[in-house]
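Enquirer: Spelled out, the chains give:
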Amino acid sequence: MRRLLIFSAALFVSGAVSAAGEMLHKECAACHNLAGPVAQTLNEAITRKGPDLSYAGNKYRQEWLESWLQKPYRIRPAGMFYGDHIKPGSDGDEVDPGTLADHVSLAGADAVAIVAELMKLRPHDDLIAKEKIEPGSIIKQMGEMSFDKFWGCMACHRIESDYGGLSGPEVYTAGQRLQPEFIASFIRNPQAWEPRTWMPNKGVSEGGIQKMVQYIELLGKESVNGQ
Amino acid sequence: MVSRLLLVALLAVTVLPVQAKESAADNYRVYCVQCHGSQGDGKGINARDMSVVPRDHTDAKAMSGRSDDMLFKVIKEGGSSVSKSVLMPPWGGTFSDEEIQDLVQYLRTLCKCKFGS
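Those protein sequences? They're chains A and B, same order as listed.
All residue numbers for the first sequence refer to my numbering, where the first residue is 7 and numbers rise by one.
All residue numbers for the second sequence refer to my numbering, where the first residue is -13 and numbers rise by one.
These are computed hints drawn from the structure, not numbers from a lab.
Certain hints may be false.
What the hints assert, rightly or not - In silico DSS-like links for lysine-lysine, alpha-carbon gap of 25 Å or less:
| id | chain 1 | residue 1 | chain 2 | residue 2 |
| --- | --- | --- | --- | --- |
| 1 | A | Lys55 | B | Lys7 |
| 2 | A | Lys93 | A | Lys32 |
| 3 | B | Lys47 | B | Lys7 |
| 4 | A | Lys155 | B | Lys47 |
| 5 | A | Lys77 | A | Lys155 |
| 6 | A | Lys126 | A | Lys77 |
| 7 | A | Lys55 | A | Lys32 |
| 8 | B | Lys7 | A | Lys155 |
| 9 | B | Lys62 | A | Lys155 |
| 10 | B | Lys100 | B | Lys47 |
Stated by the list, open to error - A partial selection of chain A residues facing chain B, derived with a Cβ cut-off under 7 Å:
| id | residue |
| --- | --- |
| 11 | His38 |
| 12 | Ala41 |
| 13 | Pro43 |
| 14 | Ile92 |
| 15 | Pro103 |
| 16 | Gly158 |
| 17 | Cys162 |
| 18 | Ser167 |
| 19 | Leu172 |
| 20 | Pro175 |
Since the model is a prediction, treat every value here as computed from it, not as a measurement.
Ideal placement from N, C-alpha and C gives every residue a C-beta, glycine not left out.
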């Protein structure tokens, strides 16, 4: 009897996983690249409807992704490629909100099962293994000064909901969303992950990368507490 | 000798990642417009909160005061390399030198100007 129960449970789990796999490859794949390789040309990069998920397991925090899929919100204020979502305004370009689409939300079990599949996608374990996140903390004002004034990252990223650039993903939730090793690796060499990304390699020093990771994690924690 | 050369050439092709060259108009639209604006006038969607406003590429007077070499350097190495704003990032990790040279010429079409004119 006990064996039968275990067998039934195993069937149920494998059924849920295969259903998740099917949903992933049928529905999610309509907008997301799952199989790789990442966009190699500009046209491939700007015609993507959603973030490349072929390295999702190297990038996202599992618990955040599960939660976000159940209650998605906009992370990129101007969409995947800002160029498709701007219009001329009285004082220059502005985001055209009518062109932005919302992400579908999933039921809890589906989100958990799909994320379990996504976390298996880890083609860049090599890049992640190169990163060593040093324990430490940073005073918020110091982090902000480095981010805004020293490295100029605020040009494209927001450090709070109404301050900073619009073409890049918001940074004040990045600490919740992303694995710290990914943050470090992406700052170090964005083109190693996405050759045509519009995130430049700013040649940030090792110390600067550690500071940025600490600052982004701090912002993420404050953002959670503020909600 | 010939076979060695062939081997080196083959290795260069297989080992070095070769990116297809993109046009200056496409590169400008994707990488520059976010700050310099869809009209090239410095009024991109990122400009609002910047402490130093992005350069107006249609400003012939200002742009004619910058040599092609300086424009190349600022695109490749960033604003701080020429004592300008750090908000202008270095794009040397994104573009090939050839693409940067094409972008310099593209800027000349936007300002309808040459250095010193």
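Enquirer: Each hint: holds or not?
Expert: Verification of the supplied hints:
Distance hint between Lys55(A) and Lys7(B) is fulfilled; the C-alpha atoms sit about 23 Å from each other, no more than 25 Å. Annotation: proposed proximity of Lys93(A) to Lys32(A) is violated, straight-line Cα distance about 33 Å (limit 25 Å). With a C-alpha separation of about 31 Å, the suggested pair Lys47(B) and Lys7(B) falls outside the 25 Å cut-off, and the hint is violated. Simply put, Lys155(A) and Lys47(B) have alpha-carbon atoms about 28 Å apart, too far for the 25 Å limit, and the pair is violated.
With a CA separation close to 34 Å, the supplied pair Lys77(A) and Lys155(A) exceeds the 25 Å bound. In summary, the hint linking Lys126(A) to Lys77(A) is supported, as the alpha carbons are separated by about 22 Å, within the 25 Å threshold. Using a Cα cut-off of 25 Å, the hinted pair Lys55(A) and Lys32(A) holds, with the two alpha carbons roughly 15 Å apart. The hinted pair formed by Lys7(B) and Lys155(A) fails the criterion: a straight-line CA distance of about 32 Å is larger than 25 Å.
Proximity of Lys62(B) to Lys155(A) is assessed by CA-CA distance (about 20 Å); at most 25 Å being required, the pair is judged to hold. With a CA separation close to 10 Å, the supplied pair Lys100(B) and Lys47(B) stays within the 25 Å bound. With a cut of 7 Å, the hint placing His38(A) at the interface with chain B is violated, because the nearest CB-to-CB distance is about 20 Å. The beta carbon of Ala41(A) comes no nearer than 20 Å to any beta carbon in chain B, farther than 7 Å, and the hint placing it at the interface is violated.
Because the beta carbon of Pro43(A) sits about 11 Å from the nearest beta carbon in chain B, more than 7 Å, this interface hint is broken. Annotation: interface hint on Ile92(A) holds; nearest CB of chain B at approximately 6 Å, less than 7 Å. Given hint, Pro103(A) at the interface with chain B, is violated; its Cβ is 12 Å from that chain's nearest Cβ, farther than 7 Å. Interface restraint check: Gly158(A) against chain B, minimum CB-CB distance 4 Å, threshold 7 Å, status holds.
Hint on Cys162(A) holds. Least Cβ distance to chain B is approximately 6 Å, under the 7 Å limit. Because the beta carbon of Ser167(A) sits about 12 Å from the nearest beta carbon in chain B, more than 7 Å, this interface hint is broken. Interface hint status for Leu172(A): upheld, as the beta-carbon distance to the closest one in chain B is roughly 5 Å, under 7 Å. Against a cut-off of 7 Å between C-beta atoms, the interface hint on Pro175(A) is violated, since the closest Cβ of chain B lies about 13 Å away.
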